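Asker: Based on the hints, put chains B and C in the right spot on chain A.
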Amino acid sequence: MIKAIINEIPVEVPEGTTILEAARKVQINIPTLCKHPDLTASAACGLCVVKVRKSRKLLRACCTPIEEGMDILTHDPEIVSTRRTVVELILSNHPDDCLTCGRNNNCELQTVAANFGIRTESFHKFVRDIPKDDSTGSIMLEPSKCIKCGRCVEVCQQIQDVWALSFLQRGFHTRIAPAGDIKLNESPCVKCGQCSAHCPTGAIFEQDDTVKVWRALQDPEKYCVVQIAPAVRVAIGEAFGMAPGVNLTRRLYALLRRLGFDAVFDTNFGADVTIMEEASEFVERFVHKKGKLPLITTCCPSWVDFMEKFHPDMIPHFSSCKSPHEIVGVLSKTYYAKEKKIDPEKIVMVSIMPCTAKKYELTRTDEMFASGYQDVDIAITTRELARMIKQAGLDFAHFPEEDADHILGDYTGAGVIFGATGGVMEAALRTAYFLVTEKNLGKVDFMNVRGLKGVKEASIMIDSTKINVAIAHGLANVEYVINRIREAQKKGEPMPYDFIEVMACPGGCIGGGGQPYGVTDEIRLLRSKGLYQDDQEKSLRCSHDNAFVQKLYNEFLGKPLGKRSHELLHTEYKSRPVYSR
Amino acid sequence: MNKMTVEDLKKIKDGRANGKKNWIRVGYSTCGIAAGADEVFATLTEEIKKQNLDVEIKKCGCIGMCYAEPLVEIQTEGLPRVFYGKVDKDTAAKIVEKHIGGKMLLNDRIYQVKLNS
Amino acid sequence: MDKKVFIKDTSAGAKDQTRDFYTAFIDQLRQRKLENSVQLIRVADIGVYNQGIVVRITPDDFLYGHVEPKDIPRIIDESVVGGKRIDSLVCHHVSKQFRIVLRNCGVIDPENIDDYIAADGYQALAKVLTEMTPEQVLDEMKKSGLRGRGGAGYPTWMKWKMTRQAQADRKFMICNGDEGDPGAYMDRSVLEGDPHSVIEGMMIAGYVIGASLGYFYIRAEYPLAIDRIQKAIDQARERGLLGEKIFGTSFSFDLDIRLGAGAFVCGEETALIASIEGKRGYPRPRPPFPSVKGLWEKPTCINNVETLANISAILLRGGDWFSAIGTDTSKGTKVFAVTGKVKNSGLVEVPMGTTLSEIVMDISGGTASKKRVKAVQTGGPSGGMIPEDFLNTPVSYETLQKLGSIMGSGGMIVMDENDCMVDIAKFYLRFCVDESCGKCAPCRIGGTQMLNMLEKISDGTGVSDDIPRLKRVSAAMQNASLCGLGQTAPNPVLSSLLYFEDEYRAHIVDKKCPACRCGALFRYAIIQDKCVNCGLCFRNCPAGAILGDKQSGYTIDEDKCTKCGRCFEVCRLNAIFRG
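Chains as they are written, first to last, in the working numbering: chain A, 1 to 581; chain B, 582 to 698; chain C, 699 to 1277.
Hints were generated in silico from the structure; no laboratory data involved. Bear in mind the structure is a predicted one, so any value in this text is a computation, not a measurement. Mixed in with the good hints there might be a few duds.
As the list claims (entries may be wrong) - Stretches of chain B that chain C covers, calculated by requiring three or more beta carbons in the stretch to come under 8 Å of a beta carbon on chain C: (1) 601 to 607; (2) 616 to 630; (3) 638 to 645; (4) 657 to 667; (5) 679 to 688.
Stated by the list, open to error - With a straight-line Cα cutoff of 30 Å, these simulated BS3-like cross-link-like pairs (lysine-lysine) come out: (6) B/Lys667 to C/Lys1210; (7) B/Lys675 to C/Lys713; (8) A/Lys57 to A/Lys338.
Positions of the beta carbon are idealized from the N, C-alpha and C atoms, including for glycine.
In isolation and in its complexed conformation, chain A is listed as follows (with noise of 0.2 Å):
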């Protein structure tokens, strides 16, 4: 531990504590528009200086560790000052249309502006006018506003492993695009999103898609229906200033039916039957041998993209089950336009989404149009369905709650993990037991492949076979893994794992891109937590107890795996160029 003193409180702290979380613990919040805890401090923005005694110049909190015996001081006319003035020279550098920006009121920029009191602009207004790019369909690119933190760039670089994003020419000209100068979906771009969910600004934001929600829901001559995705009801909540983890669920079913939907369905219904096909193929693989293992996830777009782009070699690993969104999509417009006698083509399906990604699986391959029409015809994200609720009007807070409807919306335990790391193996492995030896788990829980360590290895007991497994987040953390498969074949060796999830962002789904925003490993934590007691408190925990899940298999897909399953449920997969231009 290091002793040291700040605006002359005594603090102790680990040793590599930095001098701004220092100061957060004994309540002083030294402002910064750059660091973000989930990543290393860049120190671009230079608002955090301060004070240390015996150095000539000031330092930066969110970069310089304490050291013994320091002497900061975080405050003083001379600090403040200084930082007003480079909060003055980065709006003067910055659009004032934030009447209309997408981060209105949810702004770091603007926040600093405000605590900063700015009154008046000193300074001559320099905003460039750079194009946007809305290419993806996923994420908006809008470099005028960006005030160059370098916070995107390191999580698509460092974290995600993408290398999307880069900084293009120097000094004032510098502007954040892909490298090359090129569009996004030309890219290396998986669309994730991260970049989104850290930018401190309207800089990079998803594609807003609302319009065409209202649009449906206002058009008489649809039939709208709803899923929302397991992260989102933990996280929605922060939004209307509730705590990180509560779970929202029944009141998001009563307010999506206020909001016009028709009816509303649950993306964990999906998720459950995505495990019947997804711990059958695993079965498929691991006790018949017929196909590769191990057996690879795929219910994250981001993940798929990447694969495709980066590790096309490892096709033949992948699953080729749906994510649980697409095969709610196309069930509600067979299984359930045929039960309920509506013409599919009526029916718009809406899914609410931790993810951007989302928005690009919609019409990723032509598996994705299964049902005759798109399966799934607009994906928001949680963010996104946020402002739907504020400018209806709704008072969240005080809402009452609902189920949400039949066929499609009822869920057990397994199927609402999925939102969390490592929750998609748990599910598939409560069912792959049932699958493998006819018995129910008398525990469900496994416990090793929770939490938020980048990569989870762990081995599991089926009877007496083992079975070794891999969980991956945050797309850096992948190389390890996939690395480890490579050398295996390489070397003719037995294979490290049999089974590996993947998610692209870090925490999984209630990380995701789509989120709301100012996500930290402690509000990761939370998010899963709400998830696991949702999970805790089902009485039904295996997605093969699903009834309903039952009921679809026995009155309309026959068995996983079987024929119907084929055509509706599963995908394919191709190699794509890393840039396609």
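Answerer: Then chains B and C, alone, in the frame of chain A:
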């Protein structure tokens, strides 16, 4: 070539101790080359060869008098060591003819006189 | 023995009297029939300035200053013929230059390793490897008091010691040859003129810190330097001076070259490291310092070219020898690249503590225009303007800093009365704005805003508030910029404001540029009373802005005038008004 030893260093140094009495150094750094040292060096070499003089000529770095480049330093027996500055092709020829051949210093072109060496 | 007499008029007067004096002198020689035994030479530069007509006689080496034609007979009779010194005429001139760094530049053939060895090359390395422990080398370096010549002046031995102390499986040595200050080129000159001395310095440093690989980081705009370093590396490798078990010891060391793509910021240590690693040349926060976590996260020592060129001399001749040169806190010599309005631009190496005046006036001959020196800019874009009043300041890290400038890498730009301080400050600031990497907001935006204000001031649209605003942004840049580039970029503006605020006010309040440099703030006109309608200005105007003919006279069309000043220069009658 074999690895050098400490003794080899000394040998090389001693071997050079009795170098030629007459030599020319041409400033051949970026400043010199930019000012035309290339042509000056070629002319000097050519003239020396033509007149079959016993003079060693070599390309050196910049002595610092960049304002006077191309700069030619000359050691000729019986004359003080001088630097000719802003040397062009004609001057270079004259240097060989008059300075080296005729042991006469050239008016107006001398930029530094080195003593005690 | 033949006598040679060298003459040169060194006075600041407009007309060079050398020829007249030469004629008078040769007449006197002829009278004595000495014209064939004494050679009289007019020299273009005699190395002494402002001493009137200077006469130097060899081989006696008499140097006479302020010589009058009437002194000629006496000089011939007493000194040339008699070999006696005439004390009353003696000009006390000792060369103020002292060469350590440049000791071999222009003396040896840089492409021939034997030339270097003959000049005591690699002797220091041999001594270090065979007779000294790294600690002993450190001690010697500490004794020498050598400080980094790249600008910041950090003690070299401390840098080495910290890198030596850092624990790691690999360490690296880097030579910073990314010289980028406008007007500074001593590093290029050393790399081109004496590459082996830098290599030897690298190897000794490598031995001390425990590195077996070093990199030269040289900007790609220095092709000749790169070529010569590469040849030198090849030759040293061929001789076994680089490679395994050098001089039969256990020390192995090799070198490689990495090219900088011409980004000024890559001279900053952490940006340089990023650049070598193949990344965008962005600086990163320190700590950790490169001596702890540098190239590829390994302890790395980065020294500037000039610093490294000092090493072998220090170790060969001893730290005490070195520390006897210079001032209390700044030891040894410093190479300055003296440029600008100076008569003799070039490289000058002087002991620390030499005054600016000695460098500019005595060594470099004052201004070429023979006008007053208005200010001397040191330290490049990170430095400041030092006005004439302070030219007697002895040069050292501390004294220059006290004056609001810095030593920097040793660029020294001389300005005369025709230079506008706002214009000069604008030039340097624009350089920093162009070269800002763009990573941190204070530098990226602050620099641009300051430049905008300076542009307005020199356009005549500045307002009084601009001065406090310039100071406010400067303070923010100094306090909150990430690296040295941004922290020091306001220095030229601040120092010019400190010494020449009146000039700023003249631009802002009176809308006048006193030095007549800022085109929007002065005009040219023909003073009709003085004009004789010769038409010289008319013929010389490149913009066709002078109207009229020899009969009706001439006028200047201000709309067309580009303020180039050609008419002002060519008019023999001072009939062009400027102001």
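Asker: State for each hint whether it applies.
Answerer: Status of the hints after comparison with the structure:
no.	hint	in the structure
1	601 to 607	violated (count 1)
2	616 to 630	violated (count 0)
3	638 to 645	holds (count 7)
4	657 to 667	holds (count 5)
5	679 to 688	holds (count 4)
6	B/Lys667 to C/Lys1210	40 Å, violated
7	B/Lys675 to C/Lys713	27 Å, holds
8	A/Lys57 to A/Lys338	73 Å, violated
Violated hints for the displayed structure, listed by number in ascending order: 1, 2, 6 and 8.
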